[in-house]
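Work out the full structure, taking the sequences as your base and the hints as a guide.
Going down the list, the sequences are from chains E and U. With the working numbering, letter number 265 in the first sequence gets 265, and the count goes up by one each step, no holes. With the working numbering, letter number 72 in the second sequence gets 72, and the count goes up by one each step, no holes.
Source of the hints: derived by calculation from the structure; they are not laboratory data. Any given hint could be a false lead.
[Claimed, not checked] BS3-like mimics (lysine-lysine), calculated; alpha carbons at most 30 Å apart, straight line:
no., chain 1, residue 1, chain 2, residue 2
1, E, K309, U, K427
2, E, K4, U, K293
3, E, K311, U, K3
4, U, K197, U, K225
5, E, K308, U, K3
6, E, K311, U, K145
7, U, K225, U, K145
8, U, K396, E, K309
9, U, K197, U, K214
10, U, K396, E, K4
11, U, K3, U, K427
12, U, K145, E, K200
13, U, K272, U, K187
14, U, K3, U, K293
15, U, K354, U, K416
16, U, K272, U, K191
17, E, K21, U, K187
[Claimed, not checked] Computed spacing ranges between beta-carbons, pair by pair:
no., chain 1, residue 1, chain 2, residue 2, range
18, E, E70, U, K6, 37 to 43 Å
19, E, L272, U, G433, 52 to 58 Å
20, E, P204, U, G252, 32 to 38 Å
21, U, C229, E, I43, 47 to 53 Å
22, E, I6, U, G314, 18 to 24 Å
[What the hints assert, rightly or not] Listed next, the stretches of chain E that the computed footprint assigns to chain U, with coverage defined by at least 3 CB atoms under 8 Å from CB atoms of chain U:
no., stretch
23, 11-18
24, 262-270
Note that the structure is predicted; figures quoted are calculated from it, not measured. All C-beta atoms, glycine included, are put in the ideal place defined by N, C-alpha and C.
So you can see what is in the structure, the chains are spelled out below.
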Amino acid sequence: MANKLIVTAAPHITSPDSTQKIMQRVCIALVPTLIASVFIFGINSLILTAVTVAACVFFEWAYCKLMGREIPVADFSAVVTGMLLAFNLPATLPWWMAIVGAFIAIVIVKQLFGGLGYNFANPAIVARIALAVGFASRMANYPKPANGIDALASATPLAVSGQLGAGQYVTLLLGNHGGVLGETCAITILLGGIYLIVTKVISPMIPVTYLATVAVLSLLAGKDPIVQLLSGGLMLGAFFMATDYVTSPTTDKGKLIFGIGLGVITCAIRFLGTMNEGVSFAILLMNLLVPYIDVLTRQDKLGIAKAKKEKEAAAK
Amino acid sequence: MSKFLKRSAQGAGVPHEKRTSSLETVVMPLPSKIVLSMAQHIGAPAAPTVAKGDQVYVGTVVGKAGGFVSSDIHSGVSGVVDGITTITAPNGAVQTAVVIIPDGEQKVDPSIAPPVVTDLKSFQDAVRASGLVGLGGAGFPAAVKLAPKNLDEIDTLLINGAECEPYITSDNRCLLEDTHFILSGIKAVMKYLEIPKCVIGIEGNKPKAIAKMKDAIDVPGVEVKTLECRYPQGAEKVLIENCTGREVPFPGLPSDVGVIVMNVTSVAFVGKYLETGMPLVTKRLTVDGDIVKEPKNVEVVIGTPVQELLDFCGGLTDEPGKVLYGGPMMGNCLADLSQPVLKNNNAVLAFSKKWAHLPKETNCIHCGRCTNACPLGLSAKEIVQAYHDGNVDLLKELNADLCMSCGTCSFVCPAKRPLAPSIAQAKIMMKNGGKK
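What follows is the structure in structure tokens.
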């Protein structure tokens, strides 16, 4: 008996947090926005979300089964992708298009590159962009709010922002306007974002620098910063899409640069380009820079810089 | 905030599990034998000075220091040497050991007398003769530490009472029970090394120890600093940065920034030794773990077999999975329970198989927790990747050799990846120039 002891290298304990728990928290954080979208766009949003989640989980399972890989469905990452994808679609989108989106997100962007942790860009963002390019009219067919309070007709506020007055802030906060199903209600997105920050799933660095950059550039460009912050996919993008671990930098310094870059690209597209919305492309473009940002923004290691300086001084 | 954007160095919020903190130290009766390893310290092993059949007493030298960075080994019992044998340490090293069967009389060696200390030299000699090694865990010979090359540049003596490892409370008990020895030890070190200032760093989860220590201080220049409970607060470089704001250069020593760090138990031993002249032959240990029937703080003769120590604590309630020397973050696994207690042990923890079970490793999700938690600002995930790629140049650029194996990265990893052990392998690969 005495020689049956387990011998492993230290440490012998691990934190109770796991990938699965982190992903579950992201799902929880998305729930208020899902509920809001049901109020705003009707039961269709819930059904569409269920379709994309089921499709994402199925594709993940099927692909790994086919490839003889371990089935990672229990880690909930496919559920998060499914929810975020649905949040980027108009509630009226035909289901089959949503399923195509799920295929792009899970199989093409995530699994073909090696699965969780190896995707080069945010799967839901790429799927949104692919669908927006492939099914342009259906993707831009933003439904009117189903509850009859038709504040802004069917166009996204960014397309008609000329008509907006300060009185419309409340509408933007509550999300009672046209748009994709998960990006209109700023209050619930903020609520979910704060939950993620409090539970330490995300660091506030990316959302704060992203939103601050957009606000400052809006002011400089003579636009209403509050309208710019609250409309389009900015809030959802800042709190849920840009903070995706795999496709965002790890250090505070890196996150700062990432957030500012996102803000600059978003504003450039919004103010200078022909498209109304720049969040998806901003995130995709910055995703691609992450490996470089990571290498250039490593932390200062304790005692290293000092030793180097002393060495140089001694050499002189 | 001074470190903002430089290095997050968040550390880890490890569980405390300090349920033995209010348990007064009990003295364990003599074991049936003691096994004294000749390598209980960093540096050259000691050479046995006794042979089978020799009579030894409490405090008799049984192993002579094998060099400058080495330490004498003394017997903690009176009795007869049973033989010179070898034992296999947890790291796989085979070490010479002296086995002594106690006669129960505990006759003290006639040479034991309080040392005559008048100046720095005699103080350093006394510490050398005491067999003291760093009792915080590293086991670095204290006499070497107290003889820095740049003695006149040392302005701060830092006493490490952080005790940031879960479960262990022996330093806490030392602070509470040996307060006066800690102070007399501090005074001696400050006096003979002419150090004007002393900071005693204690984690905030030991309020009684902090209060008692603050209350006891009766000389100027000595202060208690309450530290945040963040593992690894007690790691030497982390402690120095948090107590003095100084960064120990790498490669370098604390003395390079004018600091000498001693563990509370080490400095308390210095105080006690100057009074009694009894070398380091006993040790206070926390015995705990989910299958230990009666967790205790125990004063035990060094060399006591772990099995007998566990028996003294009521035995085990279940088949053991892991038994550790030290805490769960940095402790070493024992291969079997016949292993003896060593000088630098501060705990023996026994856990069930269920407790020892580690969750399955999954894909890295690049959450960056390892990077942001590392107290030294290293990027564990990049180091491990470079190790798997066999990229020694990148390992050098990432300063993998700075890693002190505190285990924080492994602890915080949500994908449960064994980062710290991989970095330890990476360090070996760096030394070997690329061979795994």
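Just tell me: holds or violated, for the beta carbon distance of E/L272 and U/G433 against 52 to 58 Å?
-> Distance hint for E/L272, U/G433 holds at roughly 53 Å.
Regarding the pair E/K311 and U/K145, is the alpha-carbon distance no greater than 30 Å?
-> With a Cα-Cα distance of about 24 Å, the restraint between E/K311 and U/K145 holds, given a limit of 30 Å.
Sort out whether U/K427 lies within 30 Å of E/K309, counting only the CA atoms.
-> 24 Å, holds
Between U/K272 and U/K191, is the straight-line Cα distance small enough, at 30 Å or below?
-> 16 Å, holds
Is E/K21 within 30 Å of U/K187, Cα to Cα?
-> 51 Å, violated
Quick one, are U/K197 and U/K225 close enough, alpha carbons at most 30 Å?
-> Distance ~13 Å between U/K197 and U/K225 Cα, so the pair holds.
Go ahead and decide if the range 37 to 43 Å is satisfied by the Cβ distance of E/E70 to U/K6.
-> 39 Å, holds
Take the C-alpha atoms of E/K4 and U/K293, compute the straight-line distance between them, and say whether it is at most 30 Å.
-> 20 Å, holds
Stated coverage of the stretch 11-18 of chain E by chain U [criterion: 3+ residues, CB within 8 Å] = holds (count 7)
Are the Cα atoms of U/K272 and U/K187 separated by 30 Å or less?
-> 12 Å, holds
Given the range 47 to 53 Å, decide if the beta-carbon distance of U/C229 to E/I43 lies inside it.
-> Once the Cβ atoms are compared, 49 Å apart, the range 47 to 53 Å for E/I43 and U/C229 holds.
Within a Cα-Cα threshold of 30 Å, do E/K308 and U/K3 meet the stated pairing?
-> 19 Å, holds
When held up to the earlier numbered hints, the structure conflicts with 10, 12, 14, 17, 24 and fits the remainder.
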